[in-house]
Structures are given as C-alpha cells and as structure tokens.
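Using the sequences and the hints, build the whole thing.
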Amino acid sequence: MTLILDRVSVRQRGEIWLDDIRLETGTGLTTLIGPLNSGKTTLMRVVAGLQPPDSGRVLVAGKDVTSISVRNRSIAFVYQRFINYPSLTIYENIASPLRLDGRFRGPAIDRRVREVAELMGLAGLLDRRPAELSGGQQQRTAIARALARPVDVLLLDEPLANLDFKLREQLRADLKARFADAPGVVLYSTADPAEALTFAAPTVVLGEGRVLETGDVAAMYARPPTLAVAATLSDPPLNLLPGVVREGRSAEGGVLLGIRPHQVTLAPRGPGAVELPAEIRLAEVTGSATFLHLLLRGERHLVAHLPGTWRFQPGEATRAYVDPAHVLVFDEGGDRLPLSGAEVDLHG
Amino acid sequence: MARTTGGRLPWARTVFWLYVATLMLPLLWMFGMSIRPNEDILGSFSLIPQRVTFENYQTFFGDPSWYSSYLNSIVYTSMNAVMSLVVALPAAYAFSRFRFAGDKHLFFWLLTNRMAPPAVFLLPFFQIYQAVGLFDTHLGVAVAHMLFNVPLAVWILEGFMSGIPREIDETAAVDGYSLPRFFVRIFLPLIRSAIGVTLFFCFMFSWVELLIARTITSVDAKPIAATMTRTVSAAGVDWGLLAAAGVLTIVPGAVVIWFVRNYIAKGFALGRV
Chain A
1 MTLILDRVSV
11 RQRGEIWLDD
21 IRLETGTGLT
31 TLIGPLNSGK
41 TTLMRVVAGL
51 QPPDSGRVLV
61 AGKDVTSISV
71 RNRSIAFVYQ
81 RFINYPSLTI
91 YENIASPLRL
101 DGRFRGPAID
111 RRVREVAELM
121 GLAGLLDRRP
131 AELSGGQQQR
141 TAIARALARP
151 VDVLLLDEPL
161 ANLDFKLREQ
171 LRADLKARFA
181 DAPGVVLYST
191 ADPAEALTFA
201 APTVVLGEGR
211 VLETGDVAAM
221 YARPPTLAVA
231 ATLSDPPLNL
241 LPGVVREGRS
251 AEGGVLLGIR
261 PHQVTLAPRG
271 PGAVELPAEI
281 RLAEVTGSAT
291 FLHLLLRGER
301 HLVAHLPGTW
311 RFQPGEATRA
321 YVDPAHVLVF
331 DEGGDRLPLS
341 GAEVDLHG
Chain B
1 MARTTGGRLP
11 WARTVFWLYV
21 ATLMLPLLWM
31 FGMSIRPNED
41 ILGSFSLIPQ
51 RVTFENYQTF
61 FGDPSWYSSY
71 LNSIVYTSMN
81 AVMSLVVALP
91 AAYAFSRFRF
101 AGDKHLFFWL
111 LTNRMAPPAV
121 FLLPFFQIYQ
131 AVGLFDTHLG
141 VAVAHMLFNV
151 PLAVWILEGF
161 MSGIPREIDE
171 TAAVDGYSLP
181 RFFVRIFLPL
191 IRSAIGVTLF
201 FCFMFSWVEL
211 LIARTITSVD
221 AKPIAATMTR
231 TVSAAGVDWG
241 LLAAAGVLTI
251 VPGAVVIWFV
261 RNYIAKGFAL
271 GRV
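Going down the list, the protein sequences come from chains A and B. Counting in UniProt numbering, the first sequence runs from 1 upward without gaps. Counting in UniProt numbering, the second sequence runs from 1 upward without gaps.
Hints in this document: simulated from the structure, not taken from any laboratory. Idealized CB from N, CA, C, for every residue including glycine. Some clues are possibly wrong.
Unchecked claim - Partner residues are not named here, just some residues of chain B that face chain A (Cβ under 8 Å, in silico):
1. Gly163
2. Pro165
3. Glu167
4. Ile168
5. Glu170
6. Thr171
7. Gly176
8. Tyr177
9. Ser178
10. Pro180
11. Val184
12. Ile186
13. Leu190
14. Asp238
So this is what it looks like as structure tokens:
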C-alpha cells in the first residue's frame, strides 16, 4: 500500500495552508511532526478527503482518489478531540464502521469488535456510553473504532495531545504495537518530539505548510539539516546563541549555535568542553529534572536541563560547560553548516 | 428547590406559594365555573361551588359544533408541528453546517417573518386560499402557521445543532455513513431535546393563534378559540359552557408539556434560545 501526495496545495482566505506538498509513504507507520499551524491537520484532512486541495492529487495504492467522496474512501480518522457517537454504546461505536462495510457480517462483526476492544482495554466497558468514560477511555474508543476496519489509510491527528501525561505514555507504547500490524498506511501527526522519537518510524517534518525534511527521525535529530527541523525536534526548546566562524575554516561570517539544554552542564564533561561564565536567573524544578535559566555575557540567555533536583540561588555566579562536538552550527539562512562548535567563536 | 430556599429564608416559601396561588387563581376560578350551573355563576360569588355539575362538559362533548372545532384545533396544530419540524430539520442542518452565499442574510430573513404581525398576512392568505382550495382545510391552517413556526423551529434547531461538533459528522462520513443514514441514526438522537423543545413551541404558537386560523376557516376547520367567541345566544352568555371549553383548551398544552418536560429544561440549557 502506498500513499502519494502529488504537489498538493491548500489556500484558505488568502493564506497558504499547504504549499506544494510532495510526499510518498508506504505500508506501516509514518510520523508527521510539526509545530502549531504547520499544516499537519490540513494535510490529514486532505488525505481523508475532508478538505479538497486547491491543486494537486492524492493517490492511494496508485489510484487517484482526489475526487472520491469521503465515505467511499477506505480511511479511518482519529481526532485530537475525543470524537465518538454519544448516543451509541461503546460496542456500537466500534461496530459502526464494520456494519457499513460489506466485508463484515453478523458474527464476524461481533468477533472483530470484541477483539479490538480487548486490544484497547475496553472489554469491560462495551455497554457504556462515551459520556460515562474517562477522557483516556473515550480516546481509546475512538482509536478502537479506527482500528476495527482494515483500511488503506489510517489517520491519527495528535490523538494523545489532549490526554494527561501518564495515559499518554501508556497509550503511546500500546499504539506502537498496534500500528506494527496495520494492513495499510498509518499517518500519525504529533507536535511532541518525544512521540516521534519513540515511534522511530519514517518521519516527515512539516513547517509553515511545507515539507521540511523526510527520513529517519533519529538521524534527523542528531544531524538536523536546518534550524527549523532542529527546533521542531527539540523539546525543551533549543538554545540559540550567535557566533562567528574562526578564520581559515570552510565557511565564514556570522552563524547561530544551537545547543540542546541537556548538553549544558555545570561541570566539564570532557577535555574539550567550553567554559561559559554565567549568572543564575531562575531554577525550575520539575521533580526529576531542573531547568536552570542562565544569563551569559552580552545578555544572552541559556537554559540548562540538569537531571535531578538542584537548589540554586538566583543571582549566584556559576560556570556552564558545553561540549563543542554537540553544538549545531547554522548559517544565517537556517541551514546547518558542517562545522563543529570548536570552529566557532561565541559572539560577544 | 423550595425546601432548600425555605431553609435559608423563612419567608421564601410563603412568597413562593403566594406567587403560585396568584397564578393559579384565574385557572381555578375558571375550573370552578365550569362545574356549576349558570345560575350559580351569576347568583353567588365563591371559589367553592355549591352544586357540582358536569352538564357543561356534557354539552361540550354532545354538541358537534363544539367538539369538532376542538378536534380541528388539535388536528391542524399537530400537522403544523410535524410539518414545521420536517421542513426545519434539513434547513437548520444546512445553516449550521454549510457556508453558502447569503447564508447569514437568509437566516435573518427567515426571522423577519416573525416580526410582522399576523394580521399583515390575512388578506393574501384569504384570497390565495380561496383560489387554490385550501380555504377551510386543516392543511391550510397548518401551512399558514408554518409561516411563523418554521423560522422559529429553524432558529431553535440551528442553535442546538451548532453545539454538536462537526467532527462527528466527519467521523460518520469517514466510517461510511451516507448523509441521510447519519442524520437518522447518529444526528437525530443527539438533538432529541431540541426536537422536543421545537415541537412544543410549534404546538403552542399554533394552538394559541386565533386571527389567521379564524379568517381562513369557516366550518370544517374552525378552531376552538373561534367557537368560543361565538357563545352569545338569545339566552345570553353561556358562562359555564365557555368555562368548560376554556378548561379543555388548556389540556392539550399541558399534555405536550408533560411529554417534553425533561427536554425543556435540558433543551433551554443546551440551545441558544
């Protein structure tokens, strides 16, 4: 099974929502990651047929489905909001796409509903109605309904974003297993880098309605081609400091240094570590980690993500260390340069 | 509710019952009149009747000119409620879900139909109905009342429908539901309370409307309220019979309220009304 988006563009009220999207994915999971308003939802709606593209085509298994109505496509869709049929029981909610599918009849429907309900941990709740379930259970129901019928394209639009932390972790692990045996294309959108990295599936990075990069998410994380990709895949956000390339290197002029907060330490980690005198501004303790907000010379801000709980006095002077090997160097246009942090001087 | 407020404010309960009594007095008085002979009505002044008789009700149900106009009102009112709903449901769905050229103007124009006094429509209705043969028919009155009930129904239903996430419609399409099937199986159960409230309002407005109903009918579809205005005979006004008819006209409204009582409160809370 393949899903191809061929030069798809969507404009709404004079704004470009999707700009000339070209994308090709195969059977199994593909992660779609991008910040807010990057076009994830619009792209999914175009694939589902809920949003007609202004130009371009959508091909499923080599067939142009652009003009085929939603109900005649072989798709399933899970929203970020928990969407179920409120007047139907959980059983009927899950059975609903099966009852409309000619391939399933009587006992086969019942068997499939119970199977999927078992998988999603809903077996004891089949007689309830959606309003009687918790948010996590409601979203499990929506996912179960999407998984019940074998479809060409299964779309999940930030399905875990509205769930609380614990449920999200648990469902994320469950889903990875569920997607492994999906018969068709699974397109999963998220804004959370942790989710994309956990799934470790082929990943598409979206930004401002364009495909910024496609490929292996771990490789993209380690060597992001552009600042936008690096920023999308970094949580907590990337520290950015201005710098200048040292004389005699392959590039020259002003650059931006991207430093991930967990690469900033308060003690040198290796012999090459660069020392940065700093003043402590604020320490946020989350329980398992401390986010230390530092002020460098020249009014530059730097956030350090330190494991464990630490106590600091605001205003205290300290020294931050960064291993230049882990510093990402971008030119002013946002493209990553093949330089190490050792070849760059901090500006100011 | 009366108990909790009564607990905090000692006189709240008194005020409540005083209010209820004030509201109920005319109704009780009418009921009292309906179960006593005319001489007692005119001769004495008391809430409790000395001689109880059901003669007035017997007269009402024994005289076709009375009970048939009562039935007329029930027939055209029910027809109107159902027809208004059938027309308003798809219209409200379109207004709540689709954007089309002039949708806002059309919606407002619908409401303006309620702004004109019914008397304005009397003459055109009278003449058109004479010409097309709708004069003095139940269908005719029901259609005429749709003029102001359909906009109301569209307005109530649209408010409710807009409160239902559009994603439910989309999910149904993704699942493979056709629009009519989705509408009946998924959507209608979600707006049950709206339908209850709408039916109630249509029924009520049609039931109390007198001017149009009286003008476009003569005998076969004559409403009960019109019959009640013609009780002055050579023997004077038949107070008892009139009171009995009045009591009976309250009954259908009370019955309708009883059926939708659970939806009304829920409906008012959910919708925009």
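Exercise for the section: Grab the minimum C-beta distance from Gly176 (chain B) to chain A and call the hint holds if it beats 8 Å, violated otherwise. Expected result: 4 Å, holds
Practice task
Verify the interface restraint on Gly163 (chain B): the C-beta must sit less than 8 Å from at least one C-beta of chain A.
Solution key: 12 Å, violated
Exercise for the section: Hold the hint about Glu167 (chain B) up to the distance rule: shortest CB distance to chain A must be less than 8 Å. Expected result: Result: holds, 4 Å to nearest chain A Cβ.
Problem - Minimum beta-carbon distance criterion (8 Å), Thr171 (chain B) to chain A - result: Holds, because the Cβ-Cβ distance from Thr171 (chain B) to chain A comes to roughly 5 Å (cut-off 8 Å).
Practice task
Go through the hint on Val184 (chain B) and say holds or violated, using the shortest Cβ distance to chain A against 8 Å.
Solution key: 11 Å, violated
Exercise for the section: Return the status of the interface hint for Ile186 (chain B): holds when the least beta-carbon distance to chain A is below 8 Å, violated otherwise. Expected result: 5 Å, holds
Practice task
Would you check whether Asp238 (chain B) satisfies its interface hint, that is, whether its CB is within less than 8 Å of any CB in chain A?
Solution key: The hint is violated - Asp238 (chain B) has no Cβ within 8 Å of chain A, the shortest such distance being about 52 Å.
Exercise for the section: Identify whether the interface hint at Leu190 (chain B) stands, where standing means a beta carbon of chain A within less than 8 Å of its own. Expected result: With a closest approach of 6 Å, the Leu190 (chain B) hint holds.
Problem - Status of the hint placing Pro165 (chain B) at chain A (closest C-beta pair under 8 Å) - result: 6 Å, holds
Problem - Interface hint status, Glu170 (chain B) versus chain A (Cβ within 8 Å) - result: Interface hint status for Glu170 (chain B): holds (5 Å vs cutoff 8 Å).
Practice task
Against chain A, run the beta carbon of Tyr177 (chain B) and see if the smallest gap drops under 8 Å.
Solution key: 6 Å, holds
Problem - Interface hint for Pro180 (chain B), Cβ within 8 Å of any Cβ on chain A - result: 12 Å, violated
Consistency note: the structure conflicts with the earlier hints numbered 1, 10, 11 and 14.
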